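**Student:** Chains A and B supply the protein sequences, listed in that same order.
For what it's worth, the UniProt record's numbering labels the leading residue of the first sequence as 1, then goes sequentially.
For what it's worth, the UniProt record's numbering labels the leading residue of the second sequence as 1, then goes sequentially.
Just so you know, the hints here were simulated from the structure itself, not pulled from any lab data.
Please note that a few of the clues may not be correct.
It does not matter which identical chain is used: a pair holds within one copy or between any two.
Said to hold, decoys possible - Straight-line C-alpha distance at most 20 Å; calculated SDA-like pairs for lysine to any residue:
| # | residue 1 | residue 2 |
| --- | --- | --- |
| 1 | Lys186 | Gln208 |
| 2 | Lys186 | Ser153 |
| 3 | Lys186 | Arg244 |
| 4 | Lys186 | Phe154 |
Bear in mind that the values here come from a model prediction, so they are computed numbers and not experimental data.
Number of protein chains: 2
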Amino acid sequence: MSMLMPGLRGVLSPVLTPFNADRSPSPARFVNHCRWLLRQGVGLAVFGTNSEANSLTVSEKRALLDTLLDAGLPPERMMPGTGACALPDAIELTRHAVNSGCAGVLMLPPFFYKGVSDEGLFRGFAEVIEAVADARLRVYLYHIPPVAQVGISFDLIERLLMRYPGVIAGIKDSSGDWTHTAALLKEFQSDRFDVFAGTETLLLPTLQNGGAGCITATGNVNAAAIVRLADHWREADAAAQQQRLNDTRAIFQRYPIIAAMKAAIAWQSGDPHWTTMRPPLIELDDAQQHELQQALTQIGFEIEDASTLAADLQETSAA
Amino acid sequence: MSMLMPGLRGVLSPVLTPFNADRSPSPARFVNHCRWLLRQGVGLAVFGTNSEANSLTVSEKRALLDTLLDAGLPPERMMPGTGACALPDAIELTRHAVNSGCAGVLMLPPFFYKGVSDEGLFRGFAEVIEAVADARLRVYLYHIPPVAQVGISFDLIERLLMRYPGVIAGIKDSSGDWTHTAALLKEFQSDRFDVFAGTETLLLPTLQNGGAGCITATGNVNAAAIVRLADHWREADAAAQQQRLNDTRAIFQRYPIIAAMKAAIAWQSGDPHWTTMRPPLIELDDAQQHELQQALTQIGFEIEDASTLAADLQETSAA
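Full structure from sequences and hints, please.
**Tutor:** If you want it as structure tokens, here you go:
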């Protein structure tokens, strides 16, 4: 068990970023959603892939993080995404996260150039770590080759761990490949390095193999059930719980998953603005939304306390 | 022939971004290099792929563009890259370019999410165009699937042309596939839409098929020879000229091409800072630099007036 960042173990979610009708971020809905996640036992990996984080500017991300802190939400439960193509952006966001008391940051490599060398990626991470130069910094590496195309090799992890022990604190594996996650667990999981699955469909084997938990999109909608498995994975019904999680996820995965989760929240909260996305992503069409609702109704899926996810009336009328 | 943007036809180059030793942009070298390109007859596609543009922040790009204008360089010869993953960044850069009098902008689609829909990309371009809302805006679409992974389909071009005639002004095709460039020329080249090859190795067939020219990396080092072909492509030795361009390019392409071009400029200008790159890209190692110099020497390659590319002494001593 990691002794380092207890607030960043178990289940975290790349927090969906809600927008107003004009596609500006909606701070009120964002705070509501983060509060809801925390109540369900889910940590806040704000500004991840499922947060449309790369569709937000640096200043929008800084402002949203400030909003959470101003609302009194606990930074020890936050792992903001701070990676960027331009290293000065990554440095600015990482420094801001550390100065805000965030327990860790989840760092994408620069992802525009493809086929780059481990030496180049090492220098990139090193430049951020040395520019931030803060003993409180904890970096979780973000391996998501299906999207970023630029991955984090075992050699790179090893080199970073050797050079920055205590700073390099873990990895999120969104390869979608259990054999890769299993190999990471075997090679690197320790009391100083936490391996997270990138999806709850791998939560049980990850925990059985000593991993830290999962950082998963569908934590945004199916939070309680995922947390239940994380808390009770040694019990007799764990495999059955895992199967139910997989069944629910499979429904969301029939569609572009961010749009599907936003549609489900809009439906269950009664707040239609929740469907709004920034280009290049688009919302589900009416037929897809209807199908999704039917499929979720058939399995008895409900978002707990969904009404608390709507913006308060004041912002709704302004938006 | 396009009547719209005469300053943006022929040969343009994604201008290399020189850095100081601390990896901050070097305005003095940047101005020198842009002046050199213009003297050779090459237009300024600043902030392209070969400019490490996505490794620069929005404010660094704004400042570099301001530096060129303050130095008196002609905006009618400039096509800055302004695409970004976050649309507000693309809007800010595009607005700044238009307000600076730049003849056009070269726009990458948002490139983090893969497999996105044409509808989503259409909305992205539309959002930038409508936010900038300026009749002077000319958008050149940037198709570079080998790097961005997100391309510009024929359907998308058609839809954008229908909706924004006069604004959508052309495309740079960096697919690396002549059949694709040929099809673009056949379908879209007109007096209102210019097709540029993304490499000088396709310059002759592009011009023979009515295209506007090329926007090419190696314009940074082999400018005069490329411009000569663009100016004399109807002459008897055009194929031989093309072959010589290809031979020179092939040498640079043995290496990561940005690093190779920077190494060649550092060597020929005598200014070693020119090799500096931002992670995740890295400079050539000593052996590669030596090999490159040998190969270039063997074909008698020289950068004309290379000494003018060095930073002036004042900045060199500060850097």
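**Student:** Now, for every hint given, state plainly whether the structure supports it.
**Tutor:** So, going through the hints one by one against the coordinates:
no.: 1; hint: Lys186 / Gln208; result: within (12 Å within a copy, 59 Å between copies)
no.: 2; hint: Lys186 / Ser153; result: within (14 Å within a copy, 44 Å between copies)
no.: 3; hint: Lys186 / Arg244; result: neither (27 Å within a copy, 54 Å between copies)
no.: 4; hint: Lys186 / Phe154; result: within (11 Å within a copy, 47 Å between copies)
In this structure, the one hint that does not hold is number 3.
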